[in-house]
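Undergrad: So the chains spell out like this:
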Amino acid sequence: MQPILSLDGVAKSYGGVKALTSGALDLYCGQVTALLGENGAGKSTLVKIITGIVHADGGTITLDGKPVVIESAEHARSLGISAIFQEPVVFDALTVAENIFITGRPLKGRSVDWPTMMRRSREILAELDPSIDPAMVLGRLSVAQRHLVQIARALSNDARIVIMDEPTAALSHREAEELFAITRRLRDEGRAILFISHKFEEVFALCDRYAVFRDGAGVGQGTLQGMSSERLITLMVGRPVDQVFPKQVVAIGEEVLRVEALGRCLEYENVSFDVRRGEILGVYGLIGAGRSEVMHALFGTAPAETGRIVLNGETVSIRSAQQAIAHGIGLVPEDRQRQGAHLRLAIGDNITLPSLGRTTRGGFLSARREREQAAPLAEQLGVKMSGLRQRVEDLSGGNQQKVVIAKWLATAPRVLILDEPTKGIDVGAKAQVHRLMGELAAKGVAIIMVSSELPEVLGMADRIMVMRRGLVQGIVPRSEATPERIVKMATDA
Amino acid sequence: AGARGAGRPVRIAIVAKSLGNGFFNAVHLGGDQAAAAIASAGGNRIEVIFTGPTNTAAENQIDVINALIAQHVDAIAISANDPDALVPSCKRAMQRGIKVMAYDSSVAKEGRILYLADATDQQAGDACLDLAADACSGHGKVAILSATATSTNQNSWIAAMKADLPKHPGLDLVTVVYGDDLSDKSYREATALLQKYPDLAVIIAPSTVAITAAAKAVDDAGKTGKVFVTGLGLPSECAGAVEKGTIKSFAIWNPVDIGYAVVEIANTLVAGKGGPGSSITAGKLGPIAFDADGNGTLGKPTTYDKSDIAAAAKLF
Amino acid sequence: MPESFLRLLRTREAGLLGLNLLLLAAIAPFFPAFLRPGSLAGLLDDTALLILLALGEMLVLLTRGVDLSIAANLAFTGMVVALLDQYHPGLGLAPVLILSVLMGAALGAVNGLLVWRLRIPSIVVTLGTLSIYRGAVYLASGGRWVNSNQMSPQFLAFVRLQLGGVSMLSWIAIACAVLVALFLRRSVRGRDLYAAGNNPSAALYAGIDVGVMQFSAFLIAGAIAGLCGYLWVSRYAVAYTDVASGFELQVIAACVIGGVSISGGVGSVAGVVLGALFLGIIKNALPLVGVSPFFQMAVSGVVITGAVLINARGTQASALRILERRPA
Amino acid sequence: MSDVSLSARSKARVTRRPWHALVRWETLLVLAILVDFAINAHASPYFLDPWTLSDVTVSVAEKAVVALAMAFLVMAGEIDISVGGIIALASVSMGLVARAGLPLPLVVASGIATGLLAGCVNGALVTIGRVPSIVATIGTMTLFRGIAYAVLGDGVLKTYPPGFAWLGQGSVAGPVSFELVLFVALAAVAIVLRHATAFGRRVVATGSNPEASRMSGIATDRLRFALFVAVGTAAGLASVLLTSRLGSTRPSIAQGWELEIITMVILGGVAIEGGIGTIPGVVLAAILMGLVTFGLGLLNVPGIVMSVVTGTMLIVVVAVPAALRRYGGGRQ
Ligand SMILES: Nc1ncnc2c1ncn2[C@@H]1O[C@H](COP(=O)(O)OP(=O)(O)OP(=O)(O)O)[C@@H](O)[C@H]1O
Ligand SMILES: Nc1ncnc2c1ncn2[C@@H]1O[C@H](COP(=O)(O)OP(=O)(O)OP(=O)(O)O)[C@@H](O)[C@H]1O
Ligand SMILES: [Mg+2]
Ligand SMILES: [Mg+2]
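Protein chains in written order, with our numbering: chain A, 1 to 493; chain B, 1001 to 1316; chain C, 2001 to 2328; chain D, 3001 to 3332.
What the hints contain is simulated information worked out from the structure, not anything from laboratory work.
Just so you know, not all the hints are guaranteed correct.
[Said to hold, decoys possible] The calculated SDA-like cross-link candidates involving lysine to any residue, where the alpha carbons are at most 25 Å apart (straight line), are: (1) A/LYS108 - C/CYS2176; (2) B/LYS1226 - C/VAL2289; (3) A/LYS108 - A/ARG77; (4) B/LYS1244 - C/MET2168.
[Stated by the list, open to error] Label-pair restraints from in silico Cβ distances: (5) B/PRO1009 - D/GLY3101: 47 to 53 Å; (6) B/ASP1305 - C/GLY2090: 27 to 33 Å; (7) C/GLY2246 - B/ASP1164: 35 to 41 Å; (8) D/GLU3273 - C/LEU2182: 30 to 36 Å.
Cβ atoms here follow ideal geometry from the backbone N, Cα and C, with glycine treated the same way.
My request is simple: use the sequences and hints to build the entire structure.
TA: Dropping the structure here:
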């Protein structure tokens, strides 16, 4: 069989950064191909090239056996290529219908045909989520619904080639399953699908073929039959990696933090739980279950309206991040780029920012003390950098996440909240983050880990709290946690 | 002035309220004429520096004076945008040996040696009221559309008009409004006057921006012949409205003469002669008397109407 | 459709319309003649230039930019066409109109190119061109004024032409509003403009060239400002260096009161027109109602500040509902 | 620009030096200052006179004082258009206090306090009212000046206590004016604040990512509020100097200053979108603008033509590095 799309020796550099050196990939009709690779391996860059958003510096792209140069996003669309990108491509101020048809709006003459756009949007949404009104402004949708709109967009133009760049990174189990069903249907209709993910169980459950990238180069592709995740990982990183979550056994101490009946209008109510020294409390739920909101209440950045927070036996009032930090609470937020890191500041400046009080004297900066504070942490976390003065912007996603974690470790927290700490980072970096959580717990830090990845929660947490639509469904000890039970609690009323 | 080397011309700076105003261009013209006259009569060689800010802000005029001080000019003649704000810099100029005089619009007494007024406030006020009475045959409602609320000479003319009102019992002054010397604001204020006082007879606008804007507003409202505009303005700018009949007649002093007198007087000051309480001969214009406060007056304003506007409009 | 009608009632535009009507109602007892058709036409006439400029500014604001140079562009173009008319009074109106639009567009294109090709923030670019264009008026005219008697009759008459009780100037503003509304609602490029301003990084993935959108916005804003240059000079029958000085901030205020978001992607033609009318009513009513001239600016300041404050309240994102609705 | 030819890798390393960006921008400004100095000295025989040079500072020191504070505000991602209005209002309040016969320190204090209060209004609109700062201050610009007009009308206030004139007109030693000394002192304080304190770090952090800064325990609203107050206070101080220099108060003073002050800040290399900027750059930009406008003034070039020069300077200074970055092969 001949591949519908074939890339060979594709290269791309940004300034001096070589994102791709020799990308190679074949896509076949009626097959789902998984694209694997560490963070920064060049997967998303390849997607951007195929969809005409950036232009390759070299290499050949063959479509239907004929070489093509993909000029623009418009051109790619006309060639029958559509994509769900890694970055959310959503327009809050526009209607759902416009978001779906943001490229290729239906036209009548030269003017936008609104009635047709609405009708077709309603048709496409009918099978995804009929509760979404195409005339609604997108900003009013929930997170999961926004994902659906992007999926609807990829379906809207009847593409022959559908690319999905980490579509499940922010999806929960149930939503991911829905997406897989759709993907299988598309495959059975004879379309070629490229599926990018860091989650091996998904890859094995869904895909027919694989392609692996390492450091911007294609290092192998073929059929998934007979492949094991170990072999794939070896291909990806060039060495075997311990993929199992290294859960350390830690003696659990006294209660550090307890919340009682926290509530906030429209968002959550009656949330109660506690966390102890050395314990990792996993918080699981579907996207939009209100977990992040509760974490922001603990951290003071969106205080709860009712209930109380008890820290080391004393009721405390936390109404700002400063107060939270003063109480020894740290939060690694979910949105790394917007809430976590200062991309344009240096790594060192990022790490010392929440703990500036410790490195300054009388308000004056000391370069030496800052270095003494930041350097060991950066090293301990294995941040790949050229120096503390490098800007965070220049780092890969995983390394950015390590910087954000380092900046909270610098405050020496007694309670550390990690909201989706491994979202979108590769296996190697993930394992490091997990090992670090274990070490912190061993040192007596109480950890709250919000995650949408079931294996991560099951592997790391001592107890698992499950939330659904702003309510706590229950707290399950590690010994009693099974995947089925957790998923059922998260999804069923 | 002592720093002036042999053979160097006397440099007299004429500072306008704002550049681009036809009135001051005519002043400049008169200044150049005087310089030529003095030189050909065997007097000093004179270089006239004509400068000013682009808008009527006092601070910008201060920057101009500072630049002139730095150039060590011999004399500065200024038409002030603000009588008080300019005092410190004018004082500084005088400390550095520069003769400072004001013309057209004065600097407070301590900021200049002499002030050459275009006409007395009384004369200007009288002229405006007489013209207004003339336009409406002595009976009717009158409104004043002035420049900015802070402009010195406009305010003193308005005061003079108010004082003179009893002489014209038929005139009823209904209000004073300000167009800020902006044509759009003046136009809007004039339109508002027409709406608010449907039986208004005359708009007195003692500023060239205001008089042209008011004439335009009256014309656009289709009230030409019913409401008359008068006041002080430049012939070149009022010519159109006079032809149309929106303005029957208006007054203005001769800026060319002012410029001429300014240079003659400044030249006299630079020579170390003249001062408050003296009389200075301004060349062909004859002697001008300055009182003990240093105030002198050039003469009465001239009135223009349809008969002589065309000729005057060519001049300034 | 009662439901969509209700939805319409709750929009910002409806609120603004209500506010405008309220304002008129408040003025009526002081000065009933203000509500006469003739006066209202005069109000529209007086606000037309603000409406036109605000329409252009809105396009720029939609793409997350700001154009501080439109008033200077207006002054420059206005001076150039006034000089053209003065020295070639026989040319007629068409060359004047064409030149004003083209020249305005060219000045706008300079802004647009700097923003698009060099990615310089628009506020920096237009702060610079604001000074340059304003200075160019002076250089072009030598600081001179061009007065009404130096303008040809047809140059002056066009904006004053009355059609159905409304001036040509007002008709131009109305036509322009309709055109911009159609452009924004119906054309692909118009919709792309919203998308580019709403989320520039996402627009990139949707194949929308954000830079081209910014350029287009500046180009159109410039063309409108150029046209306004002629309209202004002709309406007030005078051209000089300081024409419309500082007007850009009023234009931005009109947009913001009209609900255009300074952070891009949000705003409607109806809102902008109502926002401009709001300012226009205040400007025209204050002298009539007999507010002391010295208090007029303070009153405008209070009203503008109040309006933007109320507007900011309206745009604050409300919390997402997570909890399920329960039967009461 | 020689670094264009460097390989991207070594370039990346070079840009990491904290002082590197500073050196590049500031050298550009220093060069421009030297060039303009030479041109001025060449074009006007009066330029190289200590008293003339002292006059250069007069036209620029008042704006530069505000620019120092404004630089912090812009670095924090906000802007204040209302400074001209604040200066007018502060001047009116000083005039009233002086007319009431109160002593010099109270007159000065009332000017500064008015600026401070006006800054509080702006700060409250932005941090509590959640109005974008450019929008809020366009409103208060009219409001502040409007209040000045409402209070003073067509009046003038010119009875100031003895000694008041010295602040804006007096000199400390020979041609060294008090305004200059004050500006130098404030610039020194600003440099330390920006580059050597936690406060400066927090300002830049807030400008570069407000949300992440709030999450890092920076009281961003309080910081922004403080910066608006600082700008207001600086405007109050500038009003003291200007009023003293004018010897009188009218509501129309300092019209259009906001744009000149912001131009100074941007010319100094402060990024309008926040997060980037140095104080030495702003100081150099102030000197450059003072020299250029004064030099042109010496040649009797009208102010409006100077604005063409400053406008061009602003665009060129920002456009040249941008063009080099974009077309000279650097990364985007
Ligand atoms: N616009 C850009 N400018 C400079 N460098 C870039 C740019 N985009 C990507 N890169 C770099 O190119 C490399 C490849 O990035 P890419 O996003 O393709 O990786 P990826 O395989 O998708 O990683 P991930 O799994 O984290 O999504 C990285 O080193 C990244 O830092
Ligand atoms: N429609 C929306 N528009 C903007 N932001 C949204 C929207 N829906 C959710 N968010 C934001 O996205 C994030 C995820 O939503 P939420 O916190 O409700 O879910 P969660 O249970 O924390 O899920 P997760 O942590 O897996 O994302 C939150 O920061 C929320 O504020
Ligand atoms: Mg990627
Ligand atoms: Mg969340």
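Undergrad: Against the 25 Å threshold, does the CA-CA distance of A/LYS108 and C/CYS2176 hold or violate the hint?
TA: holds, 23 Å
Undergrad: Is it true that the C-beta distance of B/ASP1305 to C/GLY2090 lies inside 27 to 33 Å, as the hint says?
TA: holds, 30 Å
Undergrad: Regarding the pair B/LYS1244 and C/MET2168, is the alpha-carbon distance no greater than 25 Å?
TA: Holds: B/LYS1244 and C/MET2168 sit about 22 Å apart, inside 25 Å.
Undergrad: Would you mind confirming whether the straight-line C-alpha gap from A/LYS108 to A/ARG77 stays at or under 25 Å?
TA: holds, 19 Å
Undergrad: Quickly compare the C-alpha distance for B/LYS1226 and C/VAL2289 to 25 Å and report which way the hint goes.
TA: With Cα atoms ~24 Å apart, B/LYS1226 and C/VAL2289 stay inside 25 Å; holds.
Undergrad: A range of 35 to 41 Å was offered for this pair. Does it hold for the Cβ distance of C/GLY2246 and B/ASP1164?
TA: The hinted range 35 to 41 Å holds for C/GLY2246 and B/ASP1164, with Cβ atoms some 36 Å apart.
Undergrad: Does the Cβ pair B/PRO1009, D/GLY3101 satisfy 47 to 53 Å?
TA: Distance hint for B/PRO1009, D/GLY3101 holds at roughly 49 Å.
Undergrad: Has the hinted range 30 to 36 Å been met by the Cβ atoms of D/GLU3273 and C/LEU2182?
TA: holds, 33 Å
In summary, the structure agrees with every hint in the numbered list given earlier.
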